[in-house]
Amino acid sequence: MVTDWAKLARLRCKQCKHHHLYQLSRINHLDLSRKCIMEEEEAPPEVHHYSSIQEVPWDIQNYWAQRYQIFSKYDEGVWLTDDAWFGVTPEPVANKIAAQMAESAPAGRMILVDAFAGAGGNTIAFALTGKWKRIYAIEKNPAVLKCAKHNAKIYGVQDKITWFEGDCFEILQKQLKDLAPYSVIFASPPWGGPGYRSDQVFNLKTMEPYSLQRLYDEYSVFSKHMVLFIPRTSNLKQIAKLVPEGQKSMVMHYCMEGASKALCIFYGDFDVARLSQ
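Residues in the sequence shown are numbered from 1 upward in steps of one, following my numbering.
In case anyone wonders, no lab produced these hints; they're calculated from the structure.
It should be emphasised that the depicted structure is a prediction, and the values quoted were computed from it without experimental measurement.
One should not assume that every hint holds.
To be verified - Beta-carbon label-pair distances, calculated as ranges:
#1 ASP75 with VAL272: 37 to 45 Å
#2 ALA240 with GLU170: 26 to 34 Å
#3 LYS241 with GLN175: 13 to 21 Å
#4 GLU42 with GLU170: 45 to 53 Å
#5 ALA180 with GLN200: 35 to 43 Å
#6 PRO244 with GLY192: 25 to 33 Å
#7 ALA240 with SER52: 26 to 34 Å
#8 LYS248 with ALA180: 20 to 28 Å
#9 SER276 with GLU42: 18 to 26 Å
#10 THR206 with PRO244: 44 to 52 Å
#11 LEU236 with ALA65: 25 to 33 Å
#12 LYS177 with LYS248: 40 to 48 Å
For each residue, glycine too, the CB sits at the ideal point set by N, CA and C.
Please take these sequences and the hints and turn them into a complete structure.
In structure tokens:
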């Protein structure tokens, strides 16, 4: 297609409210290769982009106040469901995890599977590292998956990610099993269950809907190289029991403004020396 360089259109994007220049061809066909999400992409009813505090439900107003820590490009049209606000990894933490996994991944492992992609916070950070030949992101909730796909476009990494809708255990066993020898897993599972917010030490056996043991057992069938993102108060003895004899695993706390937000456990052959630097 021959581009008419003399023809330019300035369009106002419905999502991010900014103006962008787009080249028009001689047949007046809009080049949509830019990261801006144009107005024909409609959000499902349960998906929102809140632009003022008056629009925000009371129970997520505290999260909305921290929106730029969650997604620095929030004003460019980031989508979230109301429930998804509670599960997004803050962007600085997601970027740190992504950098550490990229630096310490076992040799020959060039595929990353994000088992609980949510609205895309971690998935986007992994894609931005440039480390992985491909990222496979799994999300069960269709509306949240739409958010993740949309947000990946805002960050310009949509072409680096393959998305799956469904149960992560089934998809690993059936659709991705041939990729197991080349893959590592990242999982940020739901943290439901009694005592998550109140207990000084969180019992990972009662984490809902998946216990630590279930996650480890299911993922180990696919790959022993996994990173699990779990509550900061998680029981370290329960974590240590799953480390194979003679091996070492690293537990990393991730802090913002002096407070731990969560921790990651690195199982498998991640380079512990690089992680400890």
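Now for the hints, and whether the structure bears them out:
Hint check: ASP75 to VAL272, Cβ distance near 39 Å, so the stated range 37 to 45 Å holds. Separation of ALA240 from GLU170 is about 29 Å and conforms to the stated range, judged on CB atoms against 26 to 34 Å. In this structure the supplied range 13 to 21 Å is violated for LYS241 paired with GLN175, their Cβ-Cβ distance being about 31 Å. The hinted range of 45 to 53 Å is not satisfied by GLU42 and GLU170, whose Cβ atoms lie roughly 29 Å apart.
About 38 Å separates the C-beta atoms of ALA180 and GLN200, a value consistent with the hinted range of 35 to 43 Å. Hint check: PRO244 to GLY192, Cβ distance near 28 Å, so the stated range 25 to 33 Å holds. Distance hint for ALA240 and SER52: a CB-CB separation of about 47 Å, inconsistent with the stated range 26 to 34 Å. Here the CB-CB span from LYS248 to ALA180 is close to 23 Å, well matched to the stated 20 to 28 Å.
Taking 18 to 26 Å as the suggested C-beta distance range, the pair SER276 and GLU42 does not conform, at roughly 47 Å. Range check, THR206 to PRO244: about 24 Å between beta-carbon atoms, so the 44 to 52 Å window is missed. Under the hint 25 to 33 Å, the C-beta atoms of LEU236 and ALA65, about 32 Å apart, fit the expected range. Between LYS177 and LYS248 the C-beta distance comes to about 28 Å, which lies outside the given range of 40 to 48 Å.
Checked against the numbered hints listed earlier, the structure breaks hints 3, 4, 7, 9, 10, 12; every other hint is satisfied.
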